[in-house]
Every structure is written in C-alpha cells, then in structure tokens.
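> Listed here are the chains, written in short residue letters.
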Amino acid sequence: MKDSYTLKSLAVLLENNKISSKELTSEYLKNIENGKELNCYNTISQEKALIDAEKSDERRKSQNLRSKYDGIPIGIKDLFCTKGVTTTASSKILSNFVPNYESTVTQNCDDAGLISLGKLNCDEFAMGSTNKTSFFGSVKNPWKSVNSDNELVPGGSSGGSAAAVSGDLCVASLGTDTGGSIRQPASFTGTVGLKPSYGRVSRWGIVAFASSLDQAGPITKTVEDAAILLDIISGHDEKDSTSSVNPKENYYQNLNSDIKGMKIGIPKEFRSDKLPASTQKSWDECANLLKTNGAEIVDISLPHTMSALPAYYIIAPAEASSNLARYDGVRYGLRVKGNDLIDMYEKTRSEGFGDEVKRRILIGTYVLSSGYYDAYYIKAQKIRSLIKSDYVEAFKKVDAILTPSTPSTAFEIANEPSDPVQNYLNDIFTVPVNLAGLPGISIPFANDENNLPIGLQLITNSFEEQKLLNVARNIEETINYSETPEKWWLK
Amino acid sequence: MVAQMIEGWNLVIGIEIHAQVNSKSKLFSSSPTDFGSKPNSQVSLIDAAMPGMLPVINKFCIEQAVKSGIGLNAKINKKSIFDRKNYFYQDLPQGYQISQYKDPIVGEGFVEIETENGQKKIGVERLHLEQDAGKSLHDQDPNFTFVDLNRSGIALMEIVSKPDMNSPEEAVEYVRKVRSILRYLGTCDGNMEQGSLRADVNISVNKPGNELGTRCEIKNLNSFKFIHAAIVYEAKRQIKLIEQGECVNQETRLFNTQFGETRSMRSKEDAHDYRYFPDPDLLPLILDDDWIKDLQDSIPELPDQIKERFINEYSLSSYDANIIVSDKATSEYFEDVVKNRNPKLVTTWVTGELFSILNRKNLIIEDSPITSKRLGELVDNIENGKISNRQAKEVLEEMCESGKGALEIIDEKGLSQISDENEIESLVDNVLNSNPENVKKYKNGKDKLFGFFVGEAMKLSKGKANPKIVNDLIKKKLSQ
Chain A
1 MKDSYTLKSL
11 AVLLENNKIS
21 SKELTSEYLK
31 NIENGKELNC
41 YNTISQEKAL
51 IDAEKSDERR
61 KSQNLRSKYD
71 GIPIGIKDLF
81 CTKGVTTTAS
91 SKILSNFVPN
101 YESTVTQNCD
111 DAGLISLGKL
121 NCDEFAMGST
131 NKTSFFGSVK
141 NPWKSVNSDN
151 ELVPGGSSGG
161 SAAAVSGDLC
171 VASLGTDTGG
181 SIRQPASFTG
191 TVGLKPSYGR
201 VSRWGIVAFA
211 SSLDQAGPIT
221 KTVEDAAILL
231 DIISGHDEKD
241 STSSVNPKEN
251 YYQNLNSDIK
261 GMKIGIPKEF
271 RSDKLPASTQ
281 KSWDECANLL
291 KTNGAEIVDI
301 SLPHTMSALP
311 AYYIIAPAEA
321 SSNLARYDGV
331 RYGLRVKGND
341 LIDMYEKTRS
351 EGFGDEVKRR
361 ILIGTYVLSS
371 GYYDAYYIKA
381 QKIRSLIKSD
391 YVEAFKKVDA
401 ILTPSTPSTA
411 FEIANEPSDP
421 VQNYLNDIFT
431 VPVNLAGLPG
441 ISIPFANDEN
451 NLPIGLQLIT
461 NSFEEQKLLN
471 VARNIEETIN
481 YSETPEKWWL
491 K
Chain B
1001 MVAQMIEGWN
1011 LVIGIEIHAQ
1021 VNSKSKLFSS
1031 SPTDFGSKPN
1041 SQVSLIDAAM
1051 PGMLPVINKF
1061 CIEQAVKSGI
1071 GLNAKINKKS
1081 IFDRKNYFYQ
1091 DLPQGYQISQ
1101 YKDPIVGEGF
1111 VEIETENGQK
1121 KIGVERLHLE
1131 QDAGKSLHDQ
1141 DPNFTFVDLN
1151 RSGIALMEIV
1161 SKPDMNSPEE
1171 AVEYVRKVRS
1181 ILRYLGTCDG
1191 NMEQGSLRAD
1201 VNISVNKPGN
1211 ELGTRCEIKN
1221 LNSFKFIHAA
1231 IVYEAKRQIK
1241 LIEQGECVNQ
1251 ETRLFNTQFG
1261 ETRSMRSKED
1271 AHDYRYFPDP
1281 DLLPLILDDD
1291 WIKDLQDSIP
1301 ELPDQIKERF
1311 INEYSLSSYD
1321 ANIIVSDKAT
1331 SEYFEDVVKN
1341 RNPKLVTTWV
1351 TGELFSILNR
1361 KNLIIEDSPI
1371 TSKRLGELVD
1381 NIENGKISNR
1391 QAKEVLEEMC
1401 ESGKGALEII
1411 DEKGLSQISD
1421 ENEIESLVDN
1431 VLNSNPENVK
1441 KYKNGKDKLF
1451 GFFVGEAMKL
1461 SKGKANPKIV
1471 NDLIKKKLSQ
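Those sequence lines, one after another, are chains A and B.
Each residue of the first sequence is one higher than the last, beginning at 1 in the working numbering.
Each residue of the second sequence is one higher than the last, beginning at 1001 in the working numbering.
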C-alpha cells in the first residue's frame, strides 16, 4: 500500500490498468482486516465490495465507465441508509436495521461507480465528538502521541470516517456534520474534512440528527479529493425540501489555487488564551502564508460567537428529540417487550439508546416544553439569526475566514472529560458554521509537539464551496503536509 | 324541543371540522389514498417514517386548501409554516404529526347558515393542513394491536369555527354548510361514513348575562345525527351538573353512539404537551399572488350564489332553494330537469316524490334510479295532461322498479289520460242516464252526491279520464 493513494491518483492507476478495481478493493479489505483494532468499521461489505469491483472492472473493459472514479472503494459513515446493508447509526436501537432503500448521497456515489467497503463507526446518532458514544465501542485514532502509548480519540462524530482515511482503511469516506462532526475528527486525524453549505448535499436517506444543521460531506487525504467527492455527492434533490436548487459547480475542474487579492478574515472572538501555543502558532503561520501568497489579512469580528455553543445545544437536541421519536419499537429496529404500549416504549428506548442520546432527547424535550419554549428554543433561534447576520456582515468585508478547527489536538480516550459540557467545547469553533448554514473545511496544517495533527478551518459564504476549496488548495500546495501516522496496529 | 329543555340557558358551540383533502396522493408522499384498500398497501417509506425519510409538500393539497379557504370567504396567508406536533402513539410512525400551528395557510373567514331566525354568519377562525395518523386495530388478536398505515400521511384540512353557534340545530347547519361548500369545490368528498369529514364539537353552557361556562370537547363525530345528539346530551349533562352545584371539568369526551351519551376520555390535566415547533425538514410555504388569483378565478359557483340565482331565475322560495342547493349533485340534477320546464312542478317532483323514494331506498341522488332526463320526461307528461299527478306517482314508482321510461310505462299500463271532451261527455251522459234517482236527489239539494257521479265516471273510464274535465262537465250537466 502506498501512502500516496488518493482519489486522483487511483483514477490514473485504474485508467492506465496499473491496478484493477478488484485488486484495489482487496487491498483495502486487507487493510481493514489488519486494522480491526482501530474499530473503524461497524459493517464490512467484503463480498458485495468484491462483486461490485468485478463489475467495475467489466465496465472498464467494455469502456462503459460511470465516471473517471469508477471502481475506487470508499467508506461510508454508518448513518447513510444503504440498501441491503445494515445501517445502525452506531446505536443498539438500530443494530438490526437493514434498509431496503439507498440514500441519495450513496446512490450518487454508486452512480459514479464508487464501491462501498462498508459502514464506518461513529458516535451514536452522530451525537458526540470523541466516538465514545458508539454502541460498537470507541474508534481509535491512528495517531499516537510521541510521548505516550495511550490510545487517542479520533474525534467525532464521524470518527470512523476520519480514522479510516487516516489509517488507509479507505482512500476517502463520507461523513456527516451537524456541529463539527466532519471537521473536528478530520482535524484530529490529519485529514481533510469538508462540510458543504446547508442544502448543497441531499439529506434524503441519512439518519437524521438535527435536520436544520445536518449536512453530509467528504473526508479525504487532499483538498483535490474533497473537490472530487463533493462533485459526486452534491446537487439538488427533489426528495429533500431543504435541498438547494442552486446549480452545482464542477469543483474539481475549477479548482484554482490563485488567491491574489482575496481578503482573509481572522475573527478576534476565536482568539483565546486557552488555545495551545502550537495551534496559535499554526494559525498565525497560515495567515502569514496566505499573505505571502497574495491575500490580504483582515481582522474581523463575529460578535455572537460565544453564544453559538449554548444556542446549538438547544436547537440540535430539540430537533433530535423529535427526530428520534420514530425509534419506538413499533415498526423496525429493537423492540423490548412490555406489558403495554407505554411499557414497551420505555423498555425499548431505555435499552436501545445510550446515555448521550438520552441526555440530548431529555434536553430537547425540555426546551420544547410549554412554558420553556420561548425561554430556550425561541431565544436560541434568535441567537442563531444573530450569528447568521454576523457572517453576512463579515462576508461583506472578506472572502474567507480562517480559524483553528478545534481548541486542542486529539486527546486520550481515557482522558475524556466526565462533564458532558466540557466535551461540548470540542465543537466551539465548528458549531457557528452549522448554525449559519455555511461551508467549512478543515485541513491539516502541521503537527504539534506531540506529533499530533493540527487542523485549521476555512469558512466562506453560502454556496461558495469553490472559493473555499481554492483557498484550501492554496494552503495545501504551499505547505505540502505529508505527515502520516505510524501504523502501530500492524505491529 | 331542545330550546325548551335548556330554557334559561345559553349554549356556546365551536366546531373543528377535519376534512380529508380530495387528493390522489398523500400530503407529503406519493402514496395513493384510496379508501378501503388492503391494510398497509398504501404506505411509502415516508408514511412509515423509515430512518432518513423526508416530507415533500404535495402541491395539489395546497391548492385544495387554498380553494377551500376562498370558499369559506377567508384570508389566504401567503406565508404559512408546517410544525411538528409531538406525541407517541403506535399509529403515529414519525412520533409527531406534521400540522400547522401558529401560521396556518388560511386565516379568518365565515359561512352563512339558515336558522329559525333567518340568516346567521358563523365565523371561521382558521383552516390548516395536517397529516392524518394510521389506524389501530385492537380486535384482530387477543394479545396484539395491529396497525394499518394506509391513512398515515393523508392530508386533512382542519377548519376551526369561532364559538358562534348557540343550538344543536345551528351546529348541524354549520357542518352541513361547510361540507356542502367543500363538495361544491371538490376539495373534500364529504363522505362522513368513510370518515372523510368528522367534527370535534366544543360546548359550554351559561346563564344569559353570566360569563362563559367551562367547555368540553366531544371528539370525532361522524354524522349530523350524532352531532345533534351529542350536543343535546352534553348540554343537558353540563346544565344538570351546574344546577346540582357542581363544576364542569374541562375535558375531552367521546360520544358513545350506542348509548347516546358522552363519556370522559381525558381531562385537561392529562392533556399532552405537544411541543410544537417548526418542522426543520420543510421550508416555510410561500404562496404567489398570481397563483392565488388563478385559483380564485377557478372557483365554481357556490351554494349561496346558486341559491340566489335559483330564487331569481326560477322564482323558488328561499326554503326550496336551500334544500336544493345544499347538495351539489341535487342542484345539478334540479337544473337538468328544470330547463324549459315549469319550475314549481319540477321543484315539487324533485324535493317531494324523488326525495321520498331516495330516502326510502337510502340512496344519494348520484345513485338515483331515475335520471334527471327521465324525471324530465315524466314532468312533461304531467304538464301536457297526458297523465294526472296521481298517475304520475304510480309511473314514478314503476320507473324506479323497472328502470323503464315514463312513456313506455304509460303505454304499457294504458295510463294515458283521456282529455277528449266528447269522449268524456259520453261517459258522463252514460253515468247520469244510468242513475236518474240520484240525479233527482242531487237536484233536490243532496250536494254530496256530486262526488258519487265523479267517481262513477272515473270508474267507467278506468281512471283515465281527466278528472278536471269530468268535474267541469258533470257540474255543467247537472246545473242544466
């Protein structure tokens, strides 16, 4: 296995018949087998992937390819419903659920000839930032601190998606991001994670967490690959009423790292004494680099940033409490017998949901209750509007905003804070982007003193994914980040 | 009757009507909506609330709701919002019903009803769209409840009245009127037996001048008879409670159709907290001015307008016009028959004889065994004197049984009326000549014998003689 595999490079290898889809798929399946300790996959589609790979090879022979990327295997977060393949949302309550339908995003991948290696572990119902809330256990970060042998969290909720790319258990993967669930684990694993604008990618067939915030996106090794995968998965879907009718662009073809004359905003509210020195240093270096490459650095203010997290932790649980009501043991998923309907509900949901999911359902139910609705939900929506207008104002002055992706690098699984609110702070830099519906990308910039990846986040205005990818590509090109984790799990 | 029973009390009634939108597919999915299909045969992934499924608004249902709003003289809201009403039940797959809470698609309006004291305006508070739930079947298995999701997701219009009705009759008239308007518009088939239209009735009683009483809601009434009976029962129950010095508790009650009484279903304390909030899967619904205008232009003539026209055009009484226009099919039937015919005669035959046959056979006019064309032919034969009214009734019965046309029956039965004066004169002469004694008695003042002569003449004609001519001729001959 070469570490240089990317969607782009594999497309060339396949085209030149240097490797077949079946060989490639087998290689990744072997990596997955050898990397079982990382616990990235909930389901491995060994048989199906190989059959699909053979079909792709036949298409290649008959020059009937679905796209340039036909035959490349990827990993799929276990939140996307996949026809005939168990889809669990990493929850006990759906642990036996096999959809008879395919999500729009995974269908789009299939239409491009991509092959699914299996379903990637994540936090239960995408609720978490460490991957520890999964019913199937924690995912382990392929990275380890040079100073310790302890296992680290991969971030979450798309922890399996990020760790799998980082550990070469797939070349690229699909994740979802409700408050940072693509960008934060990408940052913790040294990968590229893109959350598109709200409405850019269809939500149809993705197990819903918070409908007004959820958005699917790619986790890849490079910005180029992020553009390639975004091309494949995005576009209008009439089955999703919130899907944008804005025409999709050809992101990869139009990728252009020229940023001369662009204005890059540095929001003062994201500065903090608590930020690790190495993260601060990367942030500053990146700003200087962009300046060197022809951009202008502008200090900006996003005054309501500090209210984003509290607002998010009202809105997201509120929507989740309602979205998760359908898991009631009546039609599919887990059912625990009870004496009557209510008893069945209570037993099923008590047993089927984990603590973090229950916590958020309770919070959500509470903030929507009569007498509290105005004080919490309505107030949070007002804050959300204020945050949106912060960004509207900012984008009158700048083309893109540069921030750290996370307030720290990956931490030890054993050291996860016991206070859930402490954990929620992992998403402090990513949450405002979801509330404002904007596209955001996390790219690896450097490694810290423990040799752990530091991710930086770029944000642009809604549906300006092209500009976002261009700036990210500029940075990528300049720094040429090429750190890879040592594959300790192979020893 | 009711007025006496509750004399000295004031009834305040408000009604929520749930009307199923006349649409081939559901409010947020493309599943069909046919009534009486095999259980769970009309259920999409969305209706079953499978993970990741999303609702997409059915434009046709929006159109139907707006049309209904126009028919109810109501304000159409250009922006409305779909909310989630959250509660758990086995036949509610999503765990919430998508409904409209604060911003309904249709705002205030009114309908006019006929009451004992003339026309009365009943205010409409709002009309909103919502999903129906599935159906729980409790009688299929001793241990399990079965769920049929065919109805899950079907579009309903909830039409909320103001508390403007003050008697069970007004309440029934209001529901009749709304049903009639929706049927004219074609936005709801109004089939109450199949549950396409059902009513929740809110009722309270108070002494005139006192403040309003505590109200109870009676759920799911699906016939005019039950609406009336439930209100009568509930009013009596509440009055009795107050007269005994007790309190009326605010609660939801069910009407037991078997015993004709209402029973408590749940009290205010047990009321759900539905945790309404805007459905994040759906964007606010924005209606375009031109689109609304087009719908306005497409609205057909509605009962109030038709009634006025019938009064002007055909000189119908307000009473008759009201009966005829209350149902779209009836008014269409009437207009078919009345064209170029005597409106008074037609009205009598439609609202009298035809209705009594339909009632007897328990048929709606759409299924009438006598088409409007056939009834027209019958009326023609009455008008041209071929048959008498009495004979016509016989013919109508026969038409109904045999499916034959009026003329055919008249010919077959030899019913054709004799109107030829010479022929009748010879009959009359025959009768008078055969009964010289009675002629004498009559001329001496026994007036009652007149009927005897008429009867004899008719008998002689086998009932076919035109009775008027017979009468006239006998009178003439006897006075000679």
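Among the hints, erroneous ones may be present.
No more than 27 Å apart at the CA atoms, straight line, and that leaves these computed lysine-lysine pairs for DSSO-like [stated by the list, open to error]:
#	chain 1	residue 1	chain 2	residue 2
1	B	Lys1477	A	Lys239
2	B	Lys1373	B	Lys1464
3	B	Lys1102	A	Lys388
4	B	Lys1085	A	Lys358
5	A	Lys347	A	Lys467
6	B	Lys1075	A	Lys239
7	B	Lys1459	A	Lys388
8	B	Lys1078	A	Lys382
9	B	Lys1075	B	Lys1121
10	B	Lys1393	B	Lys1078
11	B	Lys1135	A	Lys337
12	B	Lys1059	A	Lys248
13	B	Lys1079	A	Lys379
14	B	Lys1085	A	Lys379
15	B	Lys1393	B	Lys1464
16	B	Lys1102	A	Lys382
17	B	Lys1293	A	Lys347
18	A	Lys239	B	Lys1078
19	B	Lys1059	B	Lys1121
20	A	Lys68	A	Lys36
21	A	Lys83	A	Lys263
22	A	Lys239	B	Lys1085
23	A	Lys396	A	Lys382
24	A	Lys268	A	Lys396
25	A	Lys491	A	Lys388
26	A	Lys239	B	Lys1393
27	B	Lys1079	A	Lys239
28	B	Lys1446	B	Lys1459
29	B	Lys1177	A	Lys379
30	B	Lys1024	B	Lys1121
31	A	Lys388	B	Lys1135
32	A	Lys491	A	Lys144
33	B	Lys1207	A	Lys382
34	B	Lys1085	A	Lys382
35	B	Lys1135	A	Lys379
Quick caveat, the hints were computed from the structure, so don't treat them as lab data.
> Against the structure, test the hints numbered earlier, and report the numbers of the ones violated in rising order.
Numbers 1, 5, 6, 7, 10, 17, 19, 20, 21, 25, 26, 29, 30, 31, 33 and 35 - these are the hints that the structure violates, sorted from lowest upward.
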